[in-house]
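Engineer: Model the full structure from these sequences, guided by the hints.
Going line by line, the protein sequences match chains A and B.
Residue 18 in the working numbering sits at position 18 of the first sequence, and the numbers go up by one each step.
Residue 1053 in the working numbering sits at position 53 of the second sequence, and the numbers go up by one each step.
These are computed hints drawn from the structure, not numbers from a lab.
Keep in mind that a hint or two might mislead.
[Unchecked claim] So the derived label-pair ranges between C-beta atoms look like this:
1. A:Ser85 with B:Asn1081: 26 to 32 Å
2. B:Asp1120 with A:Ile76: 46 to 52 Å
3. B:Asp1034 with A:Glu86: 32 to 38 Å
[What the hints assert, rightly or not] In silico contact screen, one side only, chain A against chain B (beta carbon under 8 Å); selected entries:
4. Gly10
5. Glu84
6. Thr107
A virtual CB, placed ideally from N, CA and C, is assigned to each residue, including glycine.
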Amino acid sequence: MKILLVDDSGTMRAIQKRCLFKLGVAEDDVVEADNGQTGLAEFEKGGFDIVLTDWNMPVMDGLTMLKEIRSRNADIPIIMITTESERARVVAAIEAGVSDYLVKPYTADALNAKLEKWVPTSV
Amino acid sequence: MDVSFINHFIESATNVFDTMLGVQITRKSLSLKDSPAPTHEVSAIIGLSGRVTGSVVVSFSTNVALKGAGEMLLTEFDDVNAEVVDAVGELTNMIAGGAKAAMDNMQLSLGLPNVVCGKDHKIFFPGNVKPVSVGFDTPWGEMAIDVGFNEVLEGNLEAVAAQETVGV
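Structural biologist: Here it is in structure tokens:
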């Protein structure tokens, strides 16, 4: 399983990678990007099974990247992991085609449960 | 200015430290800040816009910054480096984000965090803003949150939405 992980914070990418590795994802199967534009460029190289993305990032934000990815791929799971928790923002993400949503801050258990839902344990 | 908004930042900071770091923090002081000098050595700043314009500054003592980053990254840090700065910025992002969600009526937008380090650095709020300052005790030392903003006049809201320069 190949995963695209997009967040401008290296700290948050490290936390999410730690969880993915515990689920059995190989280090080489996680591709990182620190903004939506770089994330989209990586996505366009192809081969991804899931996208994890932050919302507020420089250059291109996660919602814009999500819309761009959806215009290219209607089916790939896209999980938004963000501080944005207001109803209007969540609705905007749903309307843009997000598959799932996790609000920061999150416990390790909450992150694990969310990723377990989308990453098969038999990776 | 109604200063009850500060409670949202206190609640959010408490939640972030508990959820992400597994530690309890305790509010120990509350005041209006007269000096541009932040309380501690590592400051993360996030701009606020929307129905208000201003800033939130989370000021970490060095040990809190090192320990907080260490807890998130499962690493022991001896000095404030790029990784510690990133972790501190992200903690501040989450604190501001949680408070923003509780202040829906203010239609707040948050900037990306900037982090300033150094013992004698100064952070100036807009000229007529006197920020509210909250001090906390943590298991690793002290931290503080300074929040100050001007409320945007109704007639200027459309201009703010269009991201024009507005004199308040």
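Engineer: All hints are to be evaluated individually against the structure, with a verdict given for each.
Structural biologist: Hint by hint, here is what the structure shows:
With their beta carbons about 31 Å apart, Ser85 of chain A and Asn1081 of chain B fall inside the hinted range of 26 to 32 Å. In this structure, Asp1120 of chain B and Ile76 of chain A meet the distance hint of 46 to 52 Å, their C-beta atoms being roughly 50 Å apart. Evaluation of the 32 to 38 Å hint for Asp1034 of chain B and Glu86 of chain A yields a pass: the beta carbon distance comes to about 34 Å. Proximity of Gly10 of chain A to chain B holds as hinted, the smallest CB-CB distance being about 5 Å (cut-off 8 Å).
The beta carbon of Glu84 of chain A is positioned within 8 Å of a beta carbon in chain B (closest approach about 7 Å), and the interface hint is therefore held. A least Cβ separation of about 6 Å between Thr107 of chain A and chain B falls short of the 8 Å threshold, and the interface hint therefore holds.
Consistency note: the structure conflicts with none of the earlier hints.
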